[in-house]
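Undergrad: Based on the provided sequences and hints, a complete structural model is requested.
Chains as they are written, first to last, in my numbering: chain S, 1 to 224; chain H, 1 to 116; chain R, 1 to 550; chain G, 1 to 343.
One should not assume that every hint holds.
What the hints assert, rightly or not - Calculated pairs, PhoX-like style, for lysine-lysine (alpha carbon to alpha carbon, straight line, at most 20 Å):
1. G:Lys200 - G:Lys98
2. S:Lys185 - S:Lys92
3. G:Lys277 - G:Lys98
4. S:Lys16 - R:Lys110
5. S:Lys90 - H:Lys16
6. S:Lys19 - H:Lys80
7. S:Lys16 - H:Lys16
8. R:Lys110 - S:Lys19
9. R:Lys345 - G:Lys48
10. H:Lys76 - S:Lys16
11. G:Lys311 - G:Lys250
12. S:Lys90 - S:Lys19
13. S:Lys16 - S:Lys185
14. H:Lys16 - H:Lys76
15. G:Lys190 - G:Lys113
16. S:Lys19 - H:Lys76
17. S:Lys19 - R:Lys30
18. S:Lys92 - H:Lys16
19. G:Lys250 - G:Lys277
20. G:Lys52 - R:Lys345
21. R:Lys110 - R:Lys30
22. G:Lys98 - G:Lys311
23. S:Lys19 - S:Lys185
24. S:Lys92 - S:Lys19
To be clear, the hints were calculated from the coordinates, so they are not data collected in a lab.
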Amino acid sequence: MSSLASSLQHHFTDFKQQKESVVLGMWSFLIQEVMFFGGLFATYTVFRSQYSHAFAEASGLLNVNLGGVNTIVLICSSLTMAMAVHAASKGKNGGIAFWLVLTILFGSIFLGVKVVEYKEKWDHGLIPGIHDEGLRFDHETHQPRPTGFWLYFALYFAMTGLHAIHMIIGIPILATLAINGLRGKYGPEYYTPVEMTGLYWHFVDIVWIFLFPLLYLIGAHGAH
Amino acid sequence: MDATTHHEEHHGPTVKMYFAIFAALSVLTVATVLAAKFDFAPMLGVGLGAFVNNAVALGIACTKASLVILFFMHVKYESKLVGLAVVASVIWLAFLVLITMTDYLTRTSDWHLFVR
Amino acid sequence: MSTPHHTAAHHEEENYLTHDSSIQSWLLTKDHKRIALLYFLSVTLFFTIGGLFASLVRIELLTPAGDFMSSEMYNQAFTSHGVMMIFFFLIPAVPAVLGNFLMPLMIGAKDLALPRINLASWYIFIIGASLAVFAVLTGGLDTGWTLYPPYSSAYSQSRVTIAVAGVFIAGFASILTGVNFIATVHRMRAPGLTWFRLPLFVWAHYATSLVMVLGTPVVAITLFLLGLERTLGFGFFDPAKGGDPVLFQHLFWFYSHPAVYIMILPAMGVISEIISTFSRQKLFGYSFVAMSSLAIAILGFLVWGHHMFTTSQSAYTGILFSALTFLVAIPSAIKAFNWTATLYKGSVSWETPMLFAFGFMGLFLIGGLTGLFLATMGMDIHLQDTYFVVAHFHYVMVGGGVMGYMGGIHFWWPKITGKMYSNFWSKLSALLIFAGFNFTFFPQFVLGFMGMPRRYHSYPEEWQILNVMSTAGASILAIGYVLPAIYLTYSLFRGQKAPANPWGATGLEWQTSSPPPPHNFHETPTVTTEAYDYQSLPLSATPEKGASHV
Amino acid sequence: MGSSFPPLLPPQASTVAVEVDALYALLVSITAFFTLLVVGLFLYFGLKYARKSESERPIQVHPPAWLEIAWSVVPLLICLVLFVWGVQLYFKIYTPPKDAITIHVVGKRWMWKVQHMSGAREINELHVPVGVPVRLLITSEDVIHAVSIPAFRIKRDAIPGTMTTTWFNATKVGEYHLFCAEYCGANHSKMGGTVYVMEKDAYQRWLAGPNAGQPPAVQGARLFEEMNCISCHRNGSNQRGPVLEGLYGKTVALKGGGTTTADDAYIRESITNPTAKIVDGFEPLMPVYLSQLSEEQVNALLAYVRDTLGKAERPKDAPAAGTTPLGSPTTSASPKASESKGR
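TA: Here you go:
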């Protein structure tokens, strides 16, 4: 319990003030994350409105099944994250570790699928900055790609890449929390780090919830 | 202290609820894929059809995001201030996207064509 | 208690400066006061670097021909001046130095809500700044601080990517400061300190934090996209790939216009404190001034397109931006009038900080009012990208922002260091800065209306006289800025000990000793009155005139 | 050029310059008035109520509500006037009259390349007639530049990939500065020269002088043949692109809904970036010529489509696709098929 008492920082009067301060700080940070991705969503909206056909055509080259599976995987990881926070709030340190390991697992599956998808794009020659020709001309028909096709893939890699970076940052934090959980560092009075990381992880999930329809589904009905 | 704990247990999130939210999110994911594969254009015309397709996709995404924010992220149980923070971020994002779009949707290069 | 008694009583007591003097106690400190000093030293360094580049620019412009240095060097000089001054001096100056030091003190807290985040913010700032300085010193940066593509993405031969990475990283330092202030103001206020009892400095910093948190990430992502464009040719701003260079300007100014308010709002907070203290009047229209800070912070986000009236931006959008820009004039006017009215029937003392506040009033008014020229669409076409714009933003950001910063440093110097500085030299410095500033930048308004474009290495001969005036003024300004470095440093060693409350001010920060103890207050204060309650200020709390000065 | 010493106003040499200067005078007066008012009051109060003793505790003044309202509303009203005047002037400066002559200006580091419709060309100089409205169509080959002529009080960015417009009606014969106002690199301050405002007959003589050349519309016609544009854009059995005769200024229905006006910027975009906007009823078949054409050649094609084809009669049997009003039914069959049937 002494480790618990030392987790109250000197400048707070009690745990309640500490928790409320940190929660508000975390939410302020998440607001900046919204605006950070917001710049990308604004760019997306501008070019999608200008080149809607090119975007639909390019989107048709994504693998909707993999994207859909990944969406479910990420929702699973959100659930396990929520369960980890729940376990922490009940003081179940073993539960924290269990659910966090599951979260890490789902997160890793997501990233693994992402690697497979990126590899597909590489094989099809659709990576901006590397495959200029593939983005300008269709391999088979040798017809020029419509304007905006390039920008779609630039946006696809910028958005999913930045999203993946957020997950890659999150996983080691989750691992640290799991170890700390096993060491009994948290209790029902103090589990703020688990809760804050949970907020971050759910936020990353929300970004994907928007990326999936905006990137994968806009060409779905055109292709069928 | 006892009173607060009791209060939280009474109104706080439960395991059952977490799994219910998870189920809802999964169902909505399937729904958005199916809705996207359905083309509204033949039914409603090209312009309106595309609009409906987009509106359905974004509507489902917003619903899913709201579920995550309210329940997984506990905003439903936090102070009003946190709710305000969420709303503010949405408003500011709207400032950025919508005002920028007013430019791209109304650009007109050559005014003299409009002088009568 | 009288002043000598006060200092004697606390003579033995350790303060935040003396309680531990090891190097790691400074570099790993979580004390907001020490972090403020770390920021103070850093921004002073970057101000000096930026100032040196400014003098290169002014020397080059003494003659119409570009004969002092090559045009490439000149372009690097004004770019480095802008990048250093804006991202590494003006944006952190008041919030990260004075705000960091004073926010917990003013609200009766022991520290900011997130002290580790606060220290992290300084390190992030230093990493970003080091990258930018590295870029500036090796190969330079020649894009202008606005970094417009396609020049910055495809044509510039200079170290754009590294400099952009530096600014990107430093942006997160600013975000973390904002996050910290928001959590602190909401959660750390002393008992009884309700929102409408807060000093206006706190209100101003709260509004600034909103801008930092909501705006900075947008420029971060914009610079990230610019980096992708430059290194991998992603094409967002490249018309050959369907992109639009004007989109960069939208995203850039979405932050960089509100960034002006990051520079000016905290300075306005400083001015509110100074004017109230040295008039012994509660600030006139307190709640109007507090709300006007929030109004400026919010409206400031809706006006960015006024930087783009001459681009291909839609005229309709231009109208919207013009209208919203004019609305910002209202809260600014409310502030200026209320500050002036505070002096009415007050007890006005013209100490050094008050002189800086006076300078702020004069310069900020001109800066703000010339903003009306640029908000007026038909007028802006002629003035856009000329020296009129240069003069306007220097009046706002230097005349307003830096004057406020200097005023704040002089106002709280006794609190920060526990030492009083020379009355004579500080007043001389205030006057030199005011005179030198006007001498430097007023001719630039005329040059701008004459049509002289900004960022010009050479210019037609008929404009030489005005440019010579400007450079002459700049040398006076430089003396004005060098003087404080001398007499403030001198005061550290030879200055008289400062009492807890040398100016007879009312804020909580004046109720603790100078310098404050490591945890600010021995007992958490309880607040029972509104801000600026001079009636209940004990007479003995104010020293007799002259007693506290060298 | 301005020789008064020290100069305070650039020469007033266009019709809008007078109006801009009037607005400027109003703005300067407002600035001077409020600066003097506030600074004067600050000093007056500061001296009148200067502290007399350290123990002085002035009576707290409570502001009347009407005062706060007054100093919010008065600036608002002033701003309203400035806003309306500014918008009105903005449209005036950026709306060329219909009878304006057209001059193409292309920015390239670090020069302004000017094409007159008679065929005369010049670099870093601009010769224009006095008393004639002149429309500048501005674009850039590399980075963003800005055409700035202070004596006319006009400025407009030259943006790669886009065409922008401004215009002026010069009122005084003389020589004036031409600048690049948007930072563009090493020789930014050297990018510019002189605007020569000439009497009309002198201008005509200058056009016919050593700078004369083939008119852009004629060059454009040749390019139109050489690049085989004609094979797709001619009304007939091989037609795969929209008919261009009489197109200029018309409303064009686009594939996927929406319309656009066939103005200079649209035609320019259709040449350089043909798949950006596809005319309803056509397929995106046109190759990208961007890398093969200089901006001046694009301008020549544009001049041909605008001035020669644009004024020509639209062929009676040309397909309706492309320029139909919104909402009218369009056939899904390719125009080529329907056309060959019609013949």
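Undergrad: Work down the list of hints and note, for each, if the structure agrees.
TA: Here is how each hint holds up against the structure:
| no. | hint | result |
| --- | --- | --- |
| 1 | G:Lys200 - G:Lys98 | 19 Å, holds |
| 2 | S:Lys185 - S:Lys92 | 11 Å, holds |
| 3 | G:Lys277 - G:Lys98 | 26 Å, violated |
| 4 | S:Lys16 - R:Lys110 | 16 Å, holds |
| 5 | S:Lys90 - H:Lys16 | 15 Å, holds |
| 6 | S:Lys19 - H:Lys80 | 15 Å, holds |
| 7 | S:Lys16 - H:Lys16 | 27 Å, violated |
| 8 | R:Lys110 - S:Lys19 | 16 Å, holds |
| 9 | R:Lys345 - G:Lys48 | 8 Å, holds |
| 10 | H:Lys76 - S:Lys16 | 18 Å, holds |
| 11 | G:Lys311 - G:Lys250 | 12 Å, holds |
| 12 | S:Lys90 - S:Lys19 | 16 Å, holds |
| 13 | S:Lys16 - S:Lys185 | 18 Å, holds |
| 14 | H:Lys16 - H:Lys76 | 16 Å, holds |
| 15 | G:Lys190 - G:Lys113 | 14 Å, holds |
| 16 | S:Lys19 - H:Lys76 | 17 Å, holds |
| 17 | S:Lys19 - R:Lys30 | 19 Å, holds |
| 18 | S:Lys92 - H:Lys16 | 17 Å, holds |
| 19 | G:Lys250 - G:Lys277 | 15 Å, holds |
| 20 | G:Lys52 - R:Lys345 | 12 Å, holds |
| 21 | R:Lys110 - R:Lys30 | 11 Å, holds |
| 22 | G:Lys98 - G:Lys311 | 14 Å, holds |
| 23 | S:Lys19 - S:Lys185 | 16 Å, holds |
| 24 | S:Lys92 - S:Lys19 | 19 Å, holds |
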